[in-house]
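Number of protein chains: 2
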Amino acid sequence: MSLPKKELFHLPEGVIYLDGNSLGPLPKGASERATHVITQEWGGELIRAWNSADWISLPRKVGDRIAPMIGAGAGTIATGDTLSIKVYQALAAALKMRPDRRVILSDAGNFPTDLYMAQGLIETLGSDYELRTPAPEDVAANITEEVAVVMLTHVDYRSGRLHDMKAITAKAQAAGAVMIWDLAHSAGALPLDLAGSNAEFAVGCTYKYLNGGPGAPAFIYARPDLVEEIEPALAGWMGHAAPFAMDPTYRPAMTTERLRVGTPPIVQLALLDAALDAWDEVDLADIRAASQALCETFIAEVEARCPMLTLASPRDADVRGSQVSFGFENGYAVVQALIDKGVIGDFRAPNIMRFGFTPLYIDNDDVVRAAEILQEVMETEFWRDEKYHQVSKVT
Amino acid sequence: MSLPKKELFHLPEGVIYLDGNSLGPLPKGASERATHVITQEWGGELIRAWNSADWISLPRKVGDRIAPMIGAGAGTIATGDTLSIKVYQALAAALKMRPDRRVILSDAGNFPTDLYMAQGLIETLGSDYELRTPAPEDVAANITEEVAVVMLTHVDYRSGRLHDMKAITAKAQAAGAVMIWDLAHSAGALPLDLAGSNAEFAVGCTYKYLNGGPGAPAFIYARPDLVEEIEPALAGWMGHAAPFAMDPTYRPAMTTERLRVGTPPIVQLALLDAALDAWDEVDLADIRAASQALCETFIAEVEARCPMLTLASPRDADVRGSQVSFGFENGYAVVQALIDKGVIGDFRAPNIMRFGFTPLYIDNDDVVRAAEILQEVMETEFWRDEKYHQVSKVT
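Sequence lines, in order, name chains F and G. Taking our numbering, the leading residue of the first sequence gets 9, the next gets one more, and so forth. Taking our numbering, the leading residue of the second sequence gets 9, the next gets one more, and so forth.
Any given hint might turn out to be false.
Since the list gives no way to pick one copy over another, a pair counts as held whenever it fits inside one copy or between any two copies.
Pairs of lysine to aspartate or glutamate residues, derived as DMTMM-like cross-links and limited to a Cα-Cα distance of at most 20 Å, are as follows [said to hold, decoys possible]:
1) K395 x D172
2) K36 x E309
3) K13 x D371
4) K349 x D136
5) K395 x E153
6) K104 x E138
7) K13 x D62
8) K14 x E53
No lab work stands behind these hints: they were computed from the structure.
Bound conformation, chain F alone (with noise of 0.2 Å):
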């Protein structure tokens, strides 16, 4: 397999797409595919695309094509709802496995949603459940006998640091608590063992390494021995043994299947089918690869250009995920700045600037090139024009 794959892409000219891991660029194909979808299915077939296109397996579909790329069996994957919801899922699911215990941990680095769903779950349940969040470095020295479910992102959204799933999924485990991880920066940008891990749930977006789409379903992972232990928080009619029967009480189906929800978002689905499609040929391993090498080039180069930005990722390839970060007390500006020369990078608050490599369409030429327009910014501090300070709804 040869790196990258432009031709895969739709990729403006001029732009150098360092933001793949918040929104991954348009893969060739897919709006020839929703449009297909809306107009010769929705549109031709109506009501009927729900047996004659099969919309209703789209997202089992979709979801036994993400499974290998997470290191999971197919059918242990439903697809559809939001991140924030699947976390709820999960979250919810895990708490009714260890009645006896009263305590989440996550960690203080963790993505706000998830943060978030723990105390939206935390307030509905009304009890006295409590979210321990510790620096990410101290999360394993927290996992005690109380902790009733390890609720980790993978790969730190700001710094790109990569927890040790086996690790801590091992640990977690044998101090009786559940597992879960959040894959949403790992899915895509490297080869995860997720099954190996023997995690009980795991759970990622689609808008990002795998592009999908902006608001792309997001997915849930339940590890299948459990499956028919699971009492869905979230009991909606798609995940029901036989959800056409119209029966008033909930049965859930006896697959993963139970963790789907409403009726699923066919359009998203089929746009994030179709990019699914320039995943076909690539290892993720040559994809690990190939994102370790651009990540070390951008920080050698960064570096050498640009001795007033802090590295904010760690240093160590094997322990980064597939970006890398840099503080600045600026770093707003100097995105925009950026961005406004055909650098898209982003922002994370209070001061990081985040740059995904991700090498299915970015080269070296790519991120030398990026980090020369870096030091150009920094050097000529374009970043100073009032314009660049100018905070946006989205960062």
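Based on the hints, put chain G in the right spot on chain F.
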């Protein structure tokens, strides 16, 4: 205003579409809008489109277009997720508002997923909550001071029978209960005065009469004076007061935005936004009058032509939504045979044949022709053909 407005829709040749109450047809302009969002906004702007195309405001903008159709004010509706999720949000919030009460009152005819979501919430709360489901006509008599929340679907999905929104809401509130209306089969079907009813919450879907497409986003309404009191169970980052501050603690937005959860499905929202254009020049009072006339014609024609079918909808047009149902033991096979002959209705277990009448694209000739074809199918017993008895995944 003249009806129908068939020119606003792509309707396949030779089809009489009487299932817009399940999945509305493709509005003209919708596919083009999706293509624009996919190729120009996602493809061309990439992550910048959250600001440059104002994706972040799309859920609110679309909500503000739905609001007048259900008798609600601007800023009172959050869109996104599925109807099942929105039911859960409303129910969980309502129960929090009545901490000393333990009964959720619905009716036995409610759409299954509404009942399932209540069952899942009760399981999650793990306490002594109870879901009561009397027959629809007995709901009012069952509103007691034990009831925390009354959750009803306004138009019955099988029979089309209408609950009296204003009277039941008043009765619920007089007993101290919170009122939730599911408007799945009401929004776009008839004029609603949600604000005038004083109900605390309403939820609905947009792929039926609003023609938003398969898996289109759902909506939730909260009475404006209550918003700040709502503790969101599904405390996602898009409902946070400052989503991009990356605050580790959930602080809900001070507006209805607190009922947003995760990253919104931009392409499906854009399709829905385009679909709502068809409603710009339509008065729902005219829609209601035309729909009642079409339903009356269909009932008269079918009863004259098909004595073996039993009307399963209220005979009184004022307590019937925009659909007509007939009961028949072999209803499933009859519906399949009708579809084969170009008349698309649907079937709901155990024996209900449903026909939706949407005056935007159905006229009196369509209705008479559909009744003629139904007569032909019944008299010739086409439906006895074995192929019409093979049950599809989706009915």
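Tested hints:
Taking identical chains as interchangeable, the C-alpha atoms of K395 and D172 are never at most 20 Å apart, the minima being 41 Å within one chain and 55 Å between chains. For the homomeric pair K36 and E309, neither the shortest alpha-carbon distance inside one copy (31 Å) nor that between copies (51 Å) is at most 20 Å. Taking identical chains as interchangeable, the C-alpha atoms of K13 and D371 lie at most 20 Å apart only when both belong to the same chain, with a minimum of 9 Å there against 52 Å between chains. Taking the shortest alpha-carbon separations for K349 and D136, neither the intra-copy value of 51 Å nor the inter-copy value of 60 Å comes in at or below 20 Å.
For the identical chains of this complex, K395 and E153 are neighbours neither inside a copy (52 Å) nor across copies (59 Å), given an alpha-carbon limit of 20 Å. For the homomeric pair K104 and E138, the shortest alpha-carbon distances inside one copy (15 Å) and between copies (19 Å) are both at most 20 Å. Proximity of K13 and D62 under a CA criterion of 20 Å is satisfied in neither setting, with 31 Å inside one chain copy and 30 Å between copies. Taking identical chains as interchangeable, the C-alpha atoms of K14 and E53 lie at most 20 Å apart only when they sit on different chains, with a minimum of 17 Å there against 35 Å within one chain.
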